[in-house]
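S.K.: All chains, full assembly: derive it from the sequences and hints.
Protein chains: 2
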Amino acid sequence: MNERGFIEALRALATSPAARGLKDDAAVIEFGSETLILTHDTMVEGVHTLEGQDPADVAWKLVAVNLSDLAAKGAQPEGVLISHMLGDDDHRFIEGLRSILAKYDVPLLGGDTVRGEGRRVWGCTAIGRATHIPVPSRSGAEAGDAVYLGGPIGQALVGFEALRDGTPGDQAPYCRPLPQIDLGRDIAPHVTAMMDVSDGLLLDASRLAEASHVTLRLDSELISVLAPQERLDDAMRWGDDYVLLCTGPHGLDQHHALTRVGSVAAFKGDRLLVDGTPPTGDLGYTH
Amino acid sequence: MNERGFIEALRALATSPAARGLKDDAAVIEFGSETLILTHDTMVEGVHTLEGQDPADVAWKLVAVNLSDLAAKGAQPEGVLISHMLGDDDHRFIEGLRSILAKYDVPLLGGDTVRGEGRRVWGCTAIGRATHIPVPSRSGAEAGDAVYLGGPIGQALVGFEALRDGTPGDQAPYCRPLPQIDLGRDIAPHVTAMMDVSDGLLLDASRLAEASHVTLRLDSELISVLAPQERLDDAMRWGDDYVLLCTGPHGLDQHHALTRVGSVAAFKGDRLLVDGTPPTGDLGYTH
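Chains as they are written, first to last, in the working numbering: chain E, 769 to 1055; chain V, 769 to 1055.
It is worth saying that the hints were derived from the structure and are not from the lab. The beta-carbon is built from N, C-alpha and C at its ideal position, and this holds for glycine as well.
Which chain E residues stay away from chain V? Per the calculated CB distances, all over 10 Å, these:
hint, residue
1, Arg944
2, Leu1020
3, Thr1027
Here are the simulated distance ranges between beta carbons:
hint, chain 1, residue 1, chain 2, residue 2, range
4, E, Asp1050, V, Arg772, 39 to 49 Å
5, V, Glu819, E, Asp1021, 51 to 61 Å
6, V, Pro1046, E, Ala780, 50 to 60 Å
M.R.: This is the structure in C-alpha cells:
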C-alpha cells in the first residue's frame, strides 16, 4: 500500500462530512452554538526540518503551520496540543513554543511527551472557532472570480538556502513563518475559496482548482512582484511561505492586503494555466 | 533539561485553566453552549508497542487510549484525528482503525501522514463533548469517599506476556483494550474524582490522591478479586488496562458496574496506603 493508497483508505473511513480533506485540510464540525475547526500536522526531523535546526524554530514552525490552516478557515485560534519527542536542547523547544504562543496569544491546552530514538517527531493539533459561516473551503471558486495571494512567495526558499548553505539572506521566513490569522478572519466573509500555500503556489493552486472544478489562470507578471528577482519559477514551486491563496470578487485587493495574481475560468481540461500554458514538472513539494 | 523539567516548563506555559494536566489529563474548554474535552497521545514503536506488533492492534490501541481519557471525563466522543508514519502493512493499520471507530461509532475527522525512518511514531487527538457539568477531574476526592475500579486489572499484563513470550493467555486485553465510555458517562454525575488506570493502579491512585490532597487507602483483598491469581502485586503496578478509577459515595457499586477497592482519608503524610502501609518500589509505568 503506497502513500496515496493509504490516504485513500483513510478517506474511505472518514465518512463524516466534517472530514473535508484528510492530510491537507482542516476538519469543520458543529459544536453547540459554534463551529469548531480542527487541524493536525506532524513534523519529522530532517524531513520537515533541516538536520540540526534550532529546536526553537522547530517549535515555532510546528505551531505556525497549524495556525496557518486555521487562518485559511478564517478561524480564531482557541488553543493547541503539542506532542514532543524528548531530546537535546529541549529548553530551546520550550523557548520557541513560548514565543509563538505569545505572538498569537494562543493557549497551550495539553499534549504528550514521549521518549524515542533516531529522528525526532513532533505533532501539533490546533483548534479554532469559526468567525464566519459558511467556513471558507477550497471548493467554492467560480468562473469569473479573481485569484489573490495574501503575501510574498519564495521568501521561505531564500531563507532555507541561507540556513542550509550559510549564504546571505533572511532566514526568518523559513524558520519563523507568520500565519495570516488576522487577514484570514478579515477576508473570510468575502472569499469564495481559500487555502494556505504550504507546498508551493502551483501545487496548492491546482488543488484549489480541482476541489472547485475550475481552471485557475495565473499571470506570472502579477506574481513576479511578490517573488525574489530571478527566482520566480522556483518561488512558485516552493512551499513553506504560509501565505493565503484565495478567490473572490474583483476589487477585494482594494480593501485588504491582497495581490491579484490571476483569474478563475470554467474548467476545460486543465486545472492550472500559467500565462495560458499548463505548467510542467514538479508543481511543488509533496510529502 | 530532563523529562520532568520539560513537562514543568510546558506546564508553566500552559497558563490556561483548561490545561489541567499536560501529558496525563485531558483539556476541558468551554465552547459555545457546550464543554469540549481534548486529549492527545503519541505512541512510539517498541516503546509503547512491542516490536513487530500487528499494526491493526497498534491503531486500535492508539485510538483506545485516547477514548479512555475521554471516558474518564464522562465525555461522548465526537471524533479523532490520526497522525500516521507510513510503513509496511499500512493496510493492517487501516483495518484496526476501521474496527475501533466502528466499535465506538466515532468519526475520523482528519489527521496527517508522514514518511520517516527508524522507529515509527503515531499520534491521536480525540475530542469529546462533556455529558455532565462539572466535568469529573482528579482533584475532587474527599475523606469518607469510597474508591472504586470499573473493571479488572492485570489482564493487559497477562496479554502482554502471552504476546511477547507466546505463552497461553488472552492477548486481547493488551492488544485491544476497551475504553469504558458508557460507564464513564453513567457515573460522571455521581463521582467526586475520576481517571483511567493507564500506568498502573498504584501509580495512578497516588496521582489522584495528590491532585485531591487526600490519602487513598486501598484494600488488597478487595482488589484481589479483580486481578489474576498470584499476580496481584504485579497487576497493581502494571498499566494498559484502561479501566476507570473513581471516588464517590458509598453504595455507587450497587447501581453501576464498579467494585469498591478502598476508601479516601484525610491526608496525613502518605498519598497511598495498601492494607495500611505505603507501597514501596516502582508504583507503575512512567513514560
